[in-house]
Structures are given as structure tokens and as C-alpha cells.
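Line order of the protein sequences matches chains A and B. First residue of the first sequence: 1, per the numbering used here; consecutive thereafter. First residue of the second sequence: 1, per the numbering used here; consecutive thereafter.
Think of the hints as simulated: they come from the structure by calculation, not from any bench. Warning: the hint list may mix true and false statements.
[As the list claims (entries may be wrong)] Simulated pairs of lysine-lysine, DSSO-like, Cα-Cα distance not exceeding 30 Å:
#1 B:K43 <-> A:K227
#2 B:K93 <-> B:K43
#3 B:K128 <-> A:K87
#4 A:K342 <-> A:K370
#5 A:K399 <-> B:K43
#6 B:K43 <-> A:K329
#7 A:K159 <-> B:K140
#8 A:K227 <-> A:K342
#9 A:K87 <-> B:K43
#10 B:K140 <-> A:K48
#11 B:K140 <-> A:K118
#12 A:K307 <-> A:K329
#13 A:K352 <-> B:K43
#14 B:K140 <-> A:K307
#15 A:K370 <-> A:K336
#16 B:K140 <-> A:K29
#17 A:K510 <-> A:K580
#18 B:K93 <-> A:K342
#19 B:K128 <-> A:K189
#20 A:K87 <-> B:K93
#21 A:K16 <-> B:K43
#22 A:K386 <-> B:K43
#23 A:K159 <-> B:K43
#24 A:K332 <-> A:K610
#25 A:K379 <-> B:K128
#26 A:K34 <-> B:K140
#27 A:K378 <-> B:K43
#28 A:K584 <-> B:K93
[Said to hold, decoys possible] Sample of chain A residues at the chain B side, in silico, Cβ under 10 Å:
#29 R26
#30 Y64
#31 I356
All figures in this text were calculated on a predicted structure; none of them were measured in a lab. A virtual CB, placed ideally from N, CA and C, is assigned to each residue, including glycine.
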Amino acid sequence: MALKIVKGSIDRMFDKNLQDLVRGIRNHKEDEAKYISTCIDEIKQELKQDNIAVKANAVCKLTYLQMLGYDVSWAAFNIVEVMSSSKFTYKRIGYLAASQCFHESTDVIMLTTNQIRKDLSSPNQYDTGVALTGLSCFVTPDLARDLANDIMTLMSHTKPYIRKKAVLIMYKVFLKYPESLRPAFPRLKEKLEDPDPGVQSAAVNVICELARRNPKNYLSLAPLFFKLMTSSTNNWVLIKIIKLFGALTPLEPRLGKKLIEPLTNLIHSTSAMSLLYECVNTVIAVLISLSSGMPNHSASIQLCVQKLRILIEDSDQNLKYLGLLAMSKILKTHPKSVQSHKDLILQCLDDKDESIRLRALDLLYGMVSKKNLMEIVKKLMLHVDKAEGTTYRDELLTKIIDICSQSNYQYITNFEWYISILVELTRLEGTRHGHLIASQMLDVAIRVKAIRAFAVAQMATLLDNAHLLTGNMQRNGICEVSYAAAWICGEFSEHLENPMQTLEAMLRPKVATLPGHIQAVYVQNAAKLFATVLKSQEGNTDSTAAQETSQLMIERLPLFVQSANLEVQERASCILQLVKYIQKLQQKDVEVAEEVSALFAGELNPVAPKAQKKVPVPEGLDLDAWINEPPSESESEDEQPKAIFTKEETKHSRPRHIEVDEKELARRREARKQEQANNPFYIKASPSSQKVYQDTPGVEHIPVVQIDLSVPLKVPGLPMSDQYVKLEEERRQKERAEKKKKEKKKRKEKRSGRGKKHDSGPESEEDITPAHMVDIVTEEMPENALPSDDDDKDPNDPHKALDIDLDNLGEMAGRRPLADSEKLPVRSHRAVEAAKSPGEDGDAETVATQQPKKKSGKDKRDDKKKDKDKERKKSKDEKKKKKHKHEEKEEDLLRGEVHEPVVQSEGISQVAELPTSTSAEVSDLDFWLSNAPVPSNTQVESPPLPLPLISSVNTPLIHSMNYWSVICCFFSRNLSLYCLPMWISDLFFCLVLIFLTLVFFDTASSLKGHITLSSSILQPSSV
Amino acid sequence: MISSHDSLRLFLAAADNDDKVRVDGEPRAALEADVVRCCLSRKKEQCSFVDHRDVRLVYRQYAALYIVVGVTDTENELSIYELIHNFVEVLDKYFSRVSELDIMFNLERVHVILDEMIQNGHVVETNKSRVLAPLHALTKMADAS
Chain A
1 MALKIVKGSI DRMFDKNLQD LVRGIRNHKE DEAKYISTCI DEIKQELKQD NIAVKANAVC
61 KLTYLQMLGY DVSWAAFNIV EVMSSSKFTY KRIGYLAASQ CFHESTDVIM LTTNQIRKDL
121 SSPNQYDTGV ALTGLSCFVT PDLARDLAND IMTLMSHTKP YIRKKAVLIM YKVFLKYPES
181 LRPAFPRLKE KLEDPDPGVQ SAAVNVICEL ARRNPKNYLS LAPLFFKLMT SSTNNWVLIK
241 IIKLFGALTP LEPRLGKKLI EPLTNLIHST SAMSLLYECV NTVIAVLISL SSGMPNHSAS
301 IQLCVQKLRI LIEDSDQNLK YLGLLAMSKI LKTHPKSVQS HKDLILQCLD DKDESIRLRA
361 LDLLYGMVSK KNLMEIVKKL MLHVDKAEGT TYRDELLTKI IDICSQSNYQ YITNFEWYIS
421 ILVELTRLEG TRHGHLIASQ MLDVAIRVKA IRAFAVAQMA TLLDNAHLLT GNMQRNGICE
481 VSYAAAWICG EFSEHLENPM QTLEAMLRPK VATLPGHIQA VYVQNAAKLF ATVLKSQEGN
541 TDSTAAQETS QLMIERLPLF VQSANLEVQE RASCILQLVK YIQKLQQKDV EVAEEVSALF
601 AGELNPVAPK AQKKVPVPEG LDLDAWINEP PSESESEDEQ PKAIFTKEET KHSRPRHIEV
661 DEKELARRRE ARKQEQANNP FYIKASPSSQ KVYQDTPGVE HIPVVQIDLS VPLKVPGLPM
721 SDQYVKLEEE RRQKERAEKK KKEKKKRKEK RSGRGKKHDS GPESEEDITP AHMVDIVTEE
781 MPENALPSDD DDKDPNDPHK ALDIDLDNLG EMAGRRPLAD SEKLPVRSHR AVEAAKSPGE
841 DGDAETVATQ QPKKKSGKDK RDDKKKDKDK ERKKSKDEKK KKKHKHEEKE EDLLRGEVHE
901 PVVQSEGISQ VAELPTSTSA EVSDLDFWLS NAPVPSNTQV ESPPLPLPLI SSVNTPLIHS
961 MNYWSVICCF FSRNLSLYCL PMWISDLFFC LVLIFLTLVF FDTASSLKGH ITLSSSILQP
1021 SSV
Chain B
1 MISSHDSLRL FLAAADNDDK VRVDGEPRAA LEADVVRCCL SRKKEQCSFV DHRDVRLVYR
61 QYAALYIVVG VTDTENELSI YELIHNFVEV LDKYFSRVSE LDIMFNLERV HVILDEMIQN
121 GHVVETNKSR VLAPLHALTK MADAS
């Protein structure tokens, strides 16, 4: 019996391995699910065996099934079993399965801690390797905390294979357990100079990744990275380093200046396209951060643009794509240099690849000018017609609108053309952007007064033909356009040629199929139109016609009164009652038109979106107070209907608001007027520029009337924007001719009026006068209203927790030593103290010298960056308190309650603390950046006595990176070492001499640390 | 994949001629289907970078096999593009003229190769012989036992 079982299990073992499973699944295409469920049953049987080989085979198959999407979490414990096998072959299968199947909520992970620790310390490097690889996939905060110390030890393993894996996994550990960053950082830094290039590259990877999220804390590593950049030949590493510098430069503009040269050299020399691309990208980023006050970088920009042009011209689509992508980054800051490559970009619009066309579209945004806008848009419109996919067409549509409307319609010279473009766009089927077109129509019609007549005519045709499109419109977003059309026709109805016709169009029964909010607008604007129609008809003393109009309204409106939409219903019933009353008056031969149109009198001005915020809340008004007492809970249950009723009552009892007494009203009015007078953005009732335009002599020359006549308005719904392009050309030619004529006259006449301002001078872009004197009404925007500057950082970003001040760890460990609470928890009894020593040793050494160091650093900085200091000084007082808080918070964290917000605030306050606490480091960086020799090792003891001297020397040299401070540093060092009496004599000249002699001595003797490194990159300075 | 993709790992699946990407905590099947559709719908002359939701896909086609990598937009696309090729070269060296079937039936070996080359989203090793060293050691061990 027992023999049978064993035999069966062996059979099964040879029965089906992974290959068989894969083959089996492929052979059972029809009943895959069934086959797999039988397989899973087999696997379950296999997992019950004691034979580890069988188990491993089963787990291997499970891994494959997991990849196919089957849930295998039930086998988690078996995976752990296989992981703990002593045989590497099985162990690896276990780790592979774990890395695929385990995630943070897998509870068996807790069981693996000791197994992983054992594997990490295994003498076999592959055991360790596989453990590290696996761990990188499923590390949890608990695992990270427990194993951080073991991994740290592995970072100094003898085998580079292990070292590089250990270094890389540290990044994962930092993410999961941010407290480990501070103790581990010094060692990580050491790894940047590891003899093995693989380890070095791993360390660069990790630090780059860390620094990209919180660049501030890694500024002090810049010299080291700079050296790596100039010496390394590994393109992978170079790309990473260059990326890192891209993140650092915004914080330190001087770094950018230093970088430009080596980067341009790389651009010239490298043959690797990826590196070239990265360099160009970073140069762009650097130049963006430098863009203020660096006049001589145009050469680098030119170089970038040239290189990008080569990329774009390349036949490889990938390079083309990336070239365009990078080009768009340049466009933001240096639009001029991109504009010269317009031909190339327009060419890309015809590319067969959609994603390349999209990128080219992005670039077009910056290409347009008054001259070429029409041409470019015409081209885009052709693409719109050709485009097959709706996404690309929608993209084109939004781009057209973006391009035209950018910077307040800056480039549009002819708004009639723009309106007809918009109308053409409405004919697109299935676009999602009806709303966008509608808002553009509204915006243009409201803000460009001169265009209203034309816009209204267009909108009227659109409304007239709406029924042709309604079928489609219901489905897609284009019906939004009729919202705009109805509103424009209603609001500016005085421009309508045939208001009666439009009124009828708006009251068609078909309208009832439109969405509610659009119907509401239809109804409301029908009322406006009604007022206009009445006015014209009463003017003609045609009383029957007026009565017929009222009758039309009364006949058609009930349809809307029955609407399911509350808004439509309310408006329709209101207006219906009104019209009925008007009809009564008409029958008595009373003139009503005046009063009806008074209902809709007054001009509407555009209001900025944030204007509401600036309206002051009147005194004594508490917006949070209840208007009506809230119904108590007991009441609400049985008296709900009543509550609704009272609510409705308040809605209708408007007069209640006017109970404020006259005095109060007068006072408010006064206050409001005052407010308006002070508000520069309030458009006062002064004569508008529109009037100015009408009075201006010379405007008649602009052949607006001709254009109007030649436009085929009568063709329903088919205005042709193309014609405007020709017309515009003609118009410009005429203008030019006129200008020439005028110029002759002008010698005699004096210049007057706006129109002539541009007359003189050669024909340039700015000289193209708009066809309409465009009065673009600015939005009423209250002062202080800023564009939204909301902090959109994700509070859950794990990298926030890693925003930890690291500069004070190395040589300056004394500033903020590793508190007991910060030490990595140690479970094993290995020689942990040794691992910890860099921080602590430095700590012990520098404690004695802490005070003077701090002072000297501060003094130096005082001179250099007075402005920055102001802020810091403010925070100095708070710092002690903060420090105290940090300790508390960190203890909190250690207790295992990871409060994200707390971690965050800690990060922020530490950043605030950074500048002062690391002043010595910062000044080191300053020296490096200013090409001055680096003074001395930070471990040197500087006596307190030279301090007054330093400050006295430094004060006149504010902001300039001076070698005086360098000299002083040498003094402070050398004096302490050699001859104190000399300085008591206070003979400055003598000191300089001594210094000069000692400099040679010094440079020869200081062979350790980063000084040698940095001095090798530094050009010899004046010292 | 490379960098910052703590939750992203490249997945190899020979099943439908496609590599698969997994994002923890997201419905995997839907994402996979999306990515596969996205890549298969692209023509040969189109460029190898596609923006897909919040990741950029870099893919490379080898006969019927697509290798797709999702990266954040800060990553250098060209280097990823090269990395894919490097990976395929390693596969080619190990299987000596790699074919789809090799990948399909030796999935765990491919995993080892990938693990050697990439660890938590970073390039570890690009040297072919060094990538393959652990795998050879493994085969020796298996033969010995």
C-alpha cells in the first residue's frame, strides 16, 4: 500500500512538469479552463507530498498559472516551504514564485524573515543573489526594518555580484522603511567610488532615484557626480548622472553654468543616440533654470536645436518622435529658436505615424504668428477631413482651438474667419468637443464686439439647419454648439436679419429632444427674441403681426412646460404666463414692446472665473448661519413633505430680500461704487474703445463691407473659411497699397487715430492690421486672484518620507547624530557596531569642534547669501523646538504607526533646517562651484579665535565667491596647527605669505577624501 | 520599467505572443489586454513609443513576439529601447538562436536572465556572459544532482 503511494508520486513527478503543462494548455485550446482546473487539482495533490522535488515542480507550475492570471494565493505557504529548501535549484523556484505571487498583504511573508536572513548570509553567492532579487519584489515595511542591517552589511561584501544587488535593493528598503536612509547613506555614498563599475552604476542608480524626488538633500554630492560624469564611459551610468544633474540644477543655478560645457562636449563627441538625447534634454532643463540673466547661452540652444533637427530628419521614427518631444521643451522658453524650423515641423504633420503627428501638433502651438495662422489652420482643417480615427481628429480640433485662442486671440486678425472655422468644425461627426467649440463661440461673440453681427448671422443659419443634424447631435457632444448658437442669437438679437425666422427655428418641436440644459437656453432666448420681434413689429405699426408672434409663442411653449427637466419647465411656464399677459395687453392695443425688451436690457460682461472670491462678504453676513432653523431630527422624519413645501415657498418669496432699509442700501451702493472705482479690472461706463474706433477717421478704408457681401451667407450652414484666406490676402494687399498712398499724404498730415499707428515702417508681422478693430473685452478679474496654485502633490507619495537631510551624516555627523531611535534594529549578534561606526565615529570626533564649525560656516554664508539668510534666521529660533519634535515623531514612526502626514511634515521641516545645519557642506559646494580650491578637510579643527578675522575680511565681498574666505579657512586651519603667535600680531600680509607657503604643503599632504577628487576637476584659480 | 517603477515588473508570456506587464493592485487582465491591443494595433512604420494612461510604453517587435516595457516619462526611452535589444541578444546567446518556443518552454530560465539584468526597475548587468553565469551554474548544479 505504502509502496503504491510512493510509486504513484514518483510517476506523477515524471508525469507533468512545466513544459508538459504549457504544451497541455496549448493542446486544449477549447476547454482551457477545464484543463487548468484539473491541473490545479493535480498540483494540490503534489503539494501534499513530502518530496521537495515534487513540491518544487508544483510551485513552478503554479508560477506559470499565476502569470496566466489564476489566483494561486492559497499555495503561499507551500512557496515558503520550497524557498527554505537547502538546494539552490528548488530554492530558486521558491523565490521566483514568491517574487511573482507575494504582495504586501500576504501574511506568510512574516514567516520568511529568518529564512531570508539565513540566505543572505549564505556562503554561496547565488543563494544570496537569489534572496536579494526575490526580496526586491516582495519587501514589506516589516521585512525592510528587520533586514535593513543585514543588507547594509552585504553592501560591503567581497563579491561585486552581491554588492551591486545589495546596493540596488537598498532603494526598495528606503521606500518601505525611510528611517534606514540616514544610517545607510554614508555607505551608499562610498559605493559611488567602488572599484567595480557594476556596483558603482548601482549606487548611481539608487542615488539618482532618491535625488530625483528630493533633490535638495543631495546637492552636496554634486562634485562627486561631476567627477564621475567626466570620467565615466559607461553610457548607462552617464545617462543616470546627467538625469540627476537635471534634477539638481533648478536648485543651484551655478551648477548649471558649470555643466553646460561638459554637456556640450558630450553632445559633440558621443555616438550613442540615447546619451545624446539625454544630454540635450538636460541642457534644455539647465537653460530653462538659467533662463534669467544668462545672455550667452544662445550658442548651446542653437546646438541643441541643430542636433534635434538631425534627430527629426532621421528616417528612424523613434528618433523623430523624441526629437519632436524635446523640441517642445525648448519651445516653452525659447520659441524663437524653434520657429526657424517651422518647415520641418509642418512636414512632420504629414507623417504616416499618428504619434509623430501629435507631437508635431504640440509644437505648432508655438509656431503660429499673425501671418501664418490662417495657412496653418487651413492645413490642419485638411487633416481634420482626412483623419480616420476620432481620437486624432479630436486632438486636431482641440489644437486648432488652442492655437487660435492662445494668449487672448493674439494671432487672429480676422474673427469672421475664426467664426467660420468654428462653424466648420461643428460639422465633424462624433466629436466629443462640442462643448469646447461652444465656449469658444460664446467667448468670441461676447468679447469681440465687432464680430457680433457676423456671429449672429452664422448662428442663425446654424440654428436653422440644426434639425438636419439633431439626429446625430443627440448622440454626440456636438449639440452643445446649439447651446451657444441659441444664446448668441438671443442675446445679440438686435443684429439678426430675420429674427422671426430664428424664433421659429428655436421653437421647433424637435428641440425637445435636446438635453435639458440646452432646451432651457432655447426657451430663455426665445423670450429674448420675442422681445426683439415685438419691438420691430410695433415699430412698423403692424399690430396683427405682433399678435401673431405672441400666438406662436403661446402655441409652442406648452411643449416645454411639459418637459421633464425642472429648469426647462420653470422657465417655460414663467415665460408662457408672461406672453399670455402680453397678449392680453396687445388685444387692448397697449404698446408693450418697450417694457418687454426692458426685461432683457443691459450688457453682459465676461467675468473671470475667480471673481466671485474677491467679492467681499458684507459685514454682519454669516454665510454659515442657517437661514431657516434646520429641522430637528425627530421632526424631519414625519414632516418631510412639509419641509419641502416650506423650501419651495422661500424660493418664491423673493421680496423678502428687499427688506433691508434704504440707508443700508445706500451705504452698500456707495461701498460698491468705491470698490469698483478702485478695481482696475472693473470695466467702467466710460466710452468704450468701440466708439473710439467708430470715430476714428481712416477706418472706412478697411473694406469690411466688401467682405461681408462676398461671404455666401445665404448658403445655409456652409460658410467657407477658405475664402477668408484669399480675402485676407486681398485685404492685406489693399491695405498695403493704401498705406503707400497714405504715406505720401502723411508727410503733410499729422498722425491721428489708432489705425494709423502701424502705418509706417516696413511690412512686418505686427503691421498686419486686423480686419476688424477688435475690442477684446478682458475678463473682469479681481486683483490678487491668482491662478490656482494648489499643491497637487500626492500626499501618499512614498518618496516624501525619504526627504531626509543627509548632508550632516558624513563628516559633519556631529550636527545631528543618529539618535538611538534611528539606529537600525538589529536582531543578530553580528558586529553591527562596525557597520554603524562611520556615523558615530564622525560624531564623536566632531562633537568637540561642533560649535566653532557651525559659526564659521554661518559667517561665511552670511556674507554670501544675505537675502537667503533672512528667512533662515527667522526659522532658527524655531529650530530647536522642531528638532525636539522630530525626535518625537521619529519615535512615533518607530512604534510602527506610519502616519504619512507626520512623515511629510517632518520632511518639510527638515528641508527648512537643511541650509543652516549643513552650512559647512554648502560652503564646500560653493567653493567647488566657484572654481576656487577647496579649503580643507572638514575634520580639521578650527580654533574659535580666527572667527572675527574671517568675518572682517569677508564682509566687503558679499556674494562674490571669494578666495579670501578660502585663505581664511586655510588660516584657521594652518594657524591652529602651526603658529598661533603669528596671528596675534595681526599682520595680515605676513599671514598671506605663510598661507602661500603652506598651500603647497597642504595640497601635497591632503590626499584623502573628496578634496583630491574635487581639486582634480577644478581649474587652477587665482590662488 | 527601469527606475521608479517599484510596482512594475516585466512579465514574459509566450501564450499570446506578448510580454505582459503587471501592476500591483490594478486589475491585471484589463491592463494587459489594453497594452496588448495598443501594441498590436500599431503598424511597423509607427514609432515604438506610446503613451498609455500614465505610463509610456516602449516596445520592440521581434517577429511575432513583442517585448513591451512600461516606463515613467522621466525615463530615457532610447536607453530602454536598447535594453530590450540587449535582453534579446542575451536570450539569443543562451538559447543559441532563440525562438518563441524557447521562451515559452523555458520560462523560468528567462526569468532568471531577466532577474540578473534588471532588479527592482534598474539595470543591474548588461554584460552577456556575466548575466548568464548564474544560469550556467544552475544547469551544472542540476546536472550534478
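Hint-by-hint comparison with the structure:
no. : hint              : verdict
1   : B:K43 <-> A:K227  : violated (44 Å)
2   : B:K93 <-> B:K43   : holds (29 Å)
3   : B:K128 <-> A:K87  : holds (26 Å)
4   : A:K342 <-> A:K370 : holds (14 Å)
5   : A:K399 <-> B:K43  : holds (25 Å)
6   : B:K43 <-> A:K329  : holds (27 Å)
7   : A:K159 <-> B:K140 : holds (21 Å)
8   : A:K227 <-> A:K342 : violated (39 Å)
9   : A:K87 <-> B:K43   : violated (47 Å)
10  : B:K140 <-> A:K48  : holds (29 Å)
11  : B:K140 <-> A:K118 : holds (23 Å)
12  : A:K307 <-> A:K329 : holds (14 Å)
13  : A:K352 <-> B:K43  : holds (10 Å)
14  : B:K140 <-> A:K307 : violated (50 Å)
15  : A:K370 <-> A:K336 : holds (15 Å)
16  : B:K140 <-> A:K29  : violated (36 Å)
17  : A:K510 <-> A:K580 : holds (23 Å)
18  : B:K93 <-> A:K342  : violated (46 Å)
19  : B:K128 <-> A:K189 : holds (28 Å)
20  : A:K87 <-> B:K93   : holds (27 Å)
21  : A:K16 <-> B:K43   : violated (40 Å)
22  : A:K386 <-> B:K43  : holds (18 Å)
23  : A:K159 <-> B:K43  : violated (46 Å)
24  : A:K332 <-> A:K610 : holds (26 Å)
25  : A:K379 <-> B:K128 : violated (50 Å)
26  : A:K34 <-> B:K140  : violated (37 Å)
27  : A:K378 <-> B:K43  : holds (28 Å)
28  : A:K584 <-> B:K93  : violated (96 Å)
29  : R26               : holds (8 Å)
30  : Y64               : holds (6 Å)
31  : I356              : holds (6 Å)
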